[in-house]
Amino acid sequence: MKNPQELANKRYERIMKAINLEVPDKVPVVGFGGDVVAAYAGINQYEFCYDYEKAAVAIEKFLRDFPFDWSLAMIPGLDGRPFCVAFSDFEDITVNTTFITGPMHDALGDKYYRYPGREISVDSSPQFIGGTFMEESEYDKLIENPVKFIAETVLPRACTNLETPEKAKGALVRFGVEIDRFFNAVMRIGGISAELGYPSIPIGGAYAPLDIISDYLRGVENLLRDIRKYPDKVKKATEALVEPIVNYALAHKKFGMNLLLIPLHLNEYLSPKLYKEFYWPTLKEVILRIVDAGMKALVFFEGRHDAHLETILELPKGWGIAYFEKTDIIKANNLLKGHTCVMGGIPISLIVGGTPASIDEYIRNLLEQVKPGGGFILAPGVATAPRETPLENIRALIEAVEKYG
Amino acid sequence: MLDKIFNLIVELEEDEAIGLAKKYIEEGGNPQKLLEACGNAMGEIGQRFEKGEYFLSELILAGDIFKSIMEFTLPKLKQGEVTKVGKMVLGTVHEDVHNIGKDIFKVFAEASGFEVIDIGIDTPPEKFVEAVKEHKPDIVGMSCLITAGVSSMKKTVDALREAGLRDKVKIIIGGGRVDEGVKEFAGADAWADDAAKGVRLCKELLGLEG
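Note that the protein sequences, when read in sequence, are chains A and B.
In the numbering used here, each residue carries its 1-based index in the first sequence increased by 1415.
In the numbering used here, each residue carries its 1-based index in the second sequence increased by 525.
Simulated from the structure, these hints should not be mistaken for laboratory data.
For each residue, glycine too, the CB sits at the ideal point set by N, CA and C.
Do not take every clue at face value.
Think about it this way: if two alpha-carbon atoms lie no more than 27 Å apart in a straight line, the pair counts; the simulated DSSO-like pairs of lysine-lysine are [unchecked claim]:
{"#": "1", "chain 1": "A", "residue 1": "Lys1746", "chain 2": "B", "residue 2": "Lys708"}
{"#": "2", "chain 1": "A", "residue 1": "Lys1425", "chain 2": "A", "residue 2": "Lys1786"}
{"#": "3", "chain 1": "B", "residue 1": "Lys722", "chain 2": "A", "residue 2": "Lys1691"}
{"#": "4", "chain 1": "A", "residue 1": "Lys1741", "chain 2": "B", "residue 2": "Lys722"}
{"#": "5", "chain 1": "B", "residue 1": "Lys603", "chain 2": "A", "residue 2": "Lys1644"}
{"#": "6", "chain 1": "B", "residue 1": "Lys722", "chain 2": "A", "residue 2": "Lys1688"}
{"#": "7", "chain 1": "A", "residue 1": "Lys1669", "chain 2": "A", "residue 2": "Lys1711"}
{"#": "8", "chain 1": "A", "residue 1": "Lys1563", "chain 2": "A", "residue 2": "Lys1699"}
{"#": "9", "chain 1": "B", "residue 1": "Lys603", "chain 2": "B", "residue 2": "Lys548"}
Far from chain A by the CB rule (all over 10 Å, computed), these chain B residues [to be verified]:
{"#": "10", "residue": "Gly544"}
{"#": "11", "residue": "Leu545"}
{"#": "12", "residue": "Glu552"}
{"#": "13", "residue": "Gly564"}
{"#": "14", "residue": "Met595"}
{"#": "15", "residue": "Lys601"}
{"#": "16", "residue": "Lys603"}
{"#": "17", "residue": "His623"}
{"#": "18", "residue": "Glu687"}
{"#": "19", "residue": "Val694"}
{"#": "20", "residue": "Phe710"}
{"#": "21", "residue": "Asp718"}
{"#": "22", "residue": "Lys722"}
{"#": "23", "residue": "Glu729"}
Derived CB-CB ranges, DEER-like [unchecked claim]:
{"#": "24", "chain 1": "A", "residue 1": "Phe1505", "chain 2": "B", "residue 2": "Asp683", "range": "49 to 55 Å"}
{"#": "25", "chain 1": "A", "residue 1": "Gly1524", "chain 2": "B", "residue 2": "Glu659", "range": "35 to 41 Å"}
{"#": "26", "chain 1": "A", "residue 1": "Lys1563", "chain 2": "B", "residue 2": "Thr608", "range": "53 to 59 Å"}
{"#": "27", "chain 1": "A", "residue 1": "Ile1607", "chain 2": "B", "residue 2": "Leu599", "range": "55 to 61 Å"}
{"#": "28", "chain 1": "A", "residue 1": "Gly1524", "chain 2": "B", "residue 2": "Lys658", "range": "37 to 43 Å"}
{"#": "29", "chain 1": "A", "residue 1": "Asp1440", "chain 2": "B", "residue 2": "Gly732", "range": "53 to 59 Å"}
{"#": "30", "chain 1": "B", "residue 1": "Glu536", "chain 2": "A", "residue 2": "Ala1609", "range": "56 to 62 Å"}
Build out the structure end to end from the sequences listed, making use of the hints.
In structure tokens:
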């Protein structure tokens, strides 16, 4: 085996070549995170989310035994979009609210998430549930000053520990302590990864403005009704959210993070007409501002994005990575070749329910089609694998990429 | 008037559709016929979804309209007047607390004439088994959004098998993380990741025209 530094450099170069639309020595492959990492180390989801010591040991064990080019195995956290906006005037804090971990969830007492050993069983994965914390009559307040409105009106409703200024004092101190603890754990896992030959590619975050409104302020169903009832207000609200989101996104630069993950949610729900009118314009603006600042975006197109694929071509060549879940990956790759790095291609059901032979065949087939010309990163459609995932299948995947990549 | 109501629902003209349906009932219209018209409209919306003309946003809005009309139509129906095409036990599987997909599917299944017994979210296999024993459904519908749900689905099918109930029901699984591979893995009879296709498959499972 090469020494870890050499291995990390090789992997880094492989990934960067793909991102920069060049042909790497081998198609880079992204590994799993999620339940399987905890299960492999024999700890439950509660321990994985709350005991950073045990989680780090579990991640180390998984990374050592299942070597991929790029690891997404991490201590679980759920998207903290409203917090990123609420703290967007504080560069040093906003970047640290990208993920709300179990202990942060406890400090805030929020109603957005369900954590194992808290609202759900110790064996369950943490889950986002969202909710409605803004009235339909409050769009004007959101439009006027989104940071103030979310910080002062929405969060006290969404977090039991921020209900009153009095309660908020203690909660925010605790939240800060937890941010620090998580930051240290992340640094430690970064160190472990480096020792095992994984490249360091720190990922920050940014968001689609309409997703903030649907997931954290109004709830998906209400938002869809609002779009019909108050189209202009919804549109103005997305426009008002661009600035705080960009402030949050650009704050990452200071901390050396040049790749920003934008996980989309509502994309699959919308018809092309609604997508182009309410979702895409402000998402596009956020991405363009990121690119202008010399950073790249990693957009996770959740579900099926087939109906909106063409809009990606409106972005400048080499803007970042389009990570697809259930979109036809061959179609997407053919359309975006030479313009956008495409990531995805491994259905999680194949790894959970397939056999080493079926995995080998699938990967061979897929790579034959996507490998020529470069600009492709192989990855699971969803990077969290369930705890019963057969380990021989994960090994089969690694071997198949080794053979055909 | 029923044709007009059908069209208004299909075109998602919420206020007008509900208003006209209310007028129809108030003027002594036949609630059974209105129910059928609404069901047909939801079927048409489902077809448009499968063709890629409608998206989830349209399905959710259609569900809203349907629920609103049912609110004042169902009490007008005499007991036994409605013939159901089949009975279904439906739940989000263990360790998954999401309900949006299950709820959209439920509205469409009901609109198609299924009697749906909703056993909720985070439903352990034993609860599915109990519900099947109690309600004797034709179909068991399982929903999941997170990947952990994939193994819960398999465990639920296994539990039904162990209880000797597997052959007595058809099993359909649905949700964002579901595909052919998950169907094979879990041992279900059908899968769908959208409500429209799911309801069509449920009818097919019972030998009815999709």
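### Query
Which of the numbered hints above does this structure break?
The structure breaks hints 5, 17, 20, 21; every other hint is satisfied.
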